[in-house]
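*Asks:* Next come the chains, spelled out residue by residue.
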Amino acid sequence: MEITTDIIRHTAKLSRIELSAEEEKGMEKHFAAMLEQVKTLDTFDASEVDATAHILSAVNVLREDKAGEPFDREKLLSCAPERDEESYIVPRVVE
Amino acid sequence: MSEYIATIGLEVHCELKTETKLFCSCRNVFGAKPNTNTCPVCAGHPGVLPVLNRKAVEYTVRAGCAIGCEINRFSKWDRKNYFYPDLPKAWQTSQYDLPLCIGGSITFDVNGEEKTVRLNRIHLEEDAGKLVHSGNCTMVDYNRCGVPLMECVTEPDMHSADEAVAFLEELASIFRYSGVSDCRMQEGSIRADVNLSLSRPGEPLGTRTETKNLNSFRSVRRAIEAEIRRQTEVLESGGKVVQETRHFDDNTGTGYGMRSKEDAQDYRYFPEPDLMPVVMSDEDIARIKAEVPELKRARRKRYVSELGLSDYDASQLTSEPEIAELFDGAVKAGANAKKAANYVMSEIMRKGKTAGEDGIVVGVTSSQLAELLALVDKGEINLVASRDVLDKMWLNPNESAAKAVDELGLRQNNDAGEIEKLVRDIIAANPGPANDFRNGNEKVLSFFVGQLMKATKGKTNPKIAGELVRKLLSE
Chain A
-3 MEITTDIIRH TAKLSRIELS AEEEKGMEKH FAAMLEQVKT LDTFDASEVD ATAHILSAVN
57 VLREDKAGEP FDREKLLSCA PERDEESYIV PRVVE
Chain B
36 MSEYIATIGL EVHCELKTET KLFCSCRNVF GAKPNTNTCP VCAGHPGVLP VLNRKAVEYT
96 VRAGCAIGCE INRFSKWDRK NYFYPDLPKA WQTSQYDLPL CIGGSITFDV NGEEKTVRLN
156 RIHLEEDAGK LVHSGNCTMV DYNRCGVPLM ECVTEPDMHS ADEAVAFLEE LASIFRYSGV
216 SDCRMQEGSI RADVNLSLSR PGEPLGTRTE TKNLNSFRSV RRAIEAEIRR QTEVLESGGK
276 VVQETRHFDD NTGTGYGMRS KEDAQDYRYF PEPDLMPVVM SDEDIARIKA EVPELKRARR
336 KRYVSELGLS DYDASQLTSE PEIAELFDGA VKAGANAKKA ANYVMSEIMR KGKTAGEDGI
396 VVGVTSSQLA ELLALVDKGE INLVASRDVL DKMWLNPNES AAKAVDELGL RQNNDAGEIE
456 KLVRDIIAAN PGPANDFRNG NEKVLSFFVG QLMKATKGKT NPKIAGELVR KLLSE
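Residue numbers (our numbering), protein chains in the order written: chain A, -3 to 91; chain B, 36 to 510.
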């Protein structure tokens, strides 16, 4: 797979990362090297291995529908860079 | 009229009425103070682990069974990534390629004709938080974040706003009857996205747009009608419909595009490493399937075919599952179907109406109702008095109708001998009107019945009273 500037820009945009033109160039090399590394997996013969959705074999890890003790709102809100008495505050966003 | 045919598919989001959220033990309630039902898990703090709510899985499977979906024996969880402040983790835990339910279909009536819409899938995911915009900033409330949400995706089988709204009504009734969701529009617990395209008959489907987050059946109808008009105008003026996500403004009744195609979402789904897959056995599915009650459409048909009710009455009685349950229970307990139907429609539904809200309060049990109707039937109380009994039993399931009648002193006097003596006294005290009756004035009969009712404080069976007065006046 050829790594183009478009792919770098798209990935950076999805990740909300701003890159300078120079950084974009540098990233192309890094991306190519990473993909090359991952390609190693292609040498593994997986034809006898079942498809898997999770690396662990456990299934149905469930809890009962019972309410727990309420968590202290203040403790959570105090982690936010901006807040008021009861809400988190973020810059105005409108889709 | 336009020669274009609209093709419509819906994505319906519906909150489950579990006690707690999908992945943590915070309460799932509407209307609490901001951020009071949150914890490090649903507020997206690093290092926390989600644990799946068993009931949310069972409710989704129950909904799937009610719709005839195939239940996946193996389903798993995926992360849908996007940045928006209503989602503190920056991904929504959802199901991508292996949802809980696949396929299924719903049959309903629209403008007198039967219509079937196929479902593509139902998957379970977490709801997002609520944003309140104010000035230059936005307040974020994560109470709704992590509330279990079913997403039902239909095939593009609908062609008009009427069909889409009728489908939504049927779907909501199935979920309410199944007991998995209240589907309360006012609380946003059911919301729909509309995918719509136009095409000429015989031609491939046109480019579709998606109108997001419609939170009432009325806005679904208006948004569809507006979008059909807009796309028709675009096509007829030689333009092209652009594939886009649109928003519908309920105040102005118009839609507008939200993101252009180049900004199309790239969610980068990948398997959720923090949650184990769900495996369902045949026994699990059979057990959950057995929990699906008789649904609205089947009940309505049965009320007509087996109980001899009119279609109108049947539709009234099945409008709310609580009402249908009450009626069915009363009939099973021996009440006459037609009398019970009339009583439920007039007295119970009037009394149970909740101001400005969805749903209805049913304050009596079916056995209380059956007992009350039996007392009316036997003539021990009359209909007017039954309202007082109903008041006394309302929201008090331990009160029996007979006990309430005695406590209120409402038992009708059916002792003919005692009543006869009273009637004779009344006739003797009113010789004028008595003579009028004997001279052929039928109207004064009601005067005597009224006097008797007054003397017995309304506790005389009116039928017996009328007959007795007539007999004694004619002596």
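Worth double-checking, as some hints may not be accurate.
[What the hints assert, rightly or not] Below are the DSS-like pairs computed for lysine-lysine, each with C-alpha atoms no more than 27 angstroms apart in a straight line:
#: 1; chain 1: A; residue 1: K62; chain 2: B; residue 2: K456
#: 2; chain 1: B; residue 1: K115; chain 2: A; residue 2: K35
#: 3; chain 1: B; residue 1: K124; chain 2: A; residue 2: K71
#: 4; chain 1: B; residue 1: K438; chain 2: B; residue 2: K489
[As the list claims (entries may be wrong)] Chain A is nowhere near these chain B residues, computed Cβ spacing over 12 angstroms in every case:
#: 5; residue: P69
#: 6; residue: R153
#: 7; residue: P191
#: 8; residue: S195
#: 9; residue: R219
Honestly, the hints are just simulated from the structure, not real lab data.
Glycine included, every Cβ here is placed at the ideal spot set by N, Cα and C.
*Asks:* Confirm or reject each hint.
*Replies:* Evaluation of the provided hints:
For the hint linking K62/A to K456/B, the alpha-carbon distance of about 65 angstroms lies beyond 27 angstroms, and the restraint is violated. Distance check on the hinted pair: K115/B and K35/A sit about 25 angstroms apart at the alpha-carbon level, within 27 angstroms; holds. The suggested pairing of K124/B with K71/A holds, with an alpha-carbon distance near 18 angstroms, which does not exceed 27 angstroms. Of the pairs offered as hints, the one joining K438/B and K489/B holds, with about 24 angstroms between alpha carbons and a cut-off of 27 angstroms not exceeded.
Once the 12 angstroms rule is applied to beta carbons, P69/B is inconsistent with being away from chain A; the minimum gap is 4 angstroms. Once the 12 angstroms rule is applied to beta carbons, R153/B is consistent with being away from chain A; the minimum gap is 27 angstroms. For P191/B, the condition that its CB be more than 12 angstroms from all CB atoms of chain A holds, with the nearest at approximately 25 angstroms. Every CB of chain A is more than 12 angstroms from the CB of S195/B (nearest about 28 angstroms), matching its label as outside the interface.
Every CB of chain A lies more than 12 angstroms from the CB of R219/B, the least distance being 19 angstroms, so the non-interface label holds.
Hints 1 and 5 from the list above are not met by this structure, while the remaining hints are.
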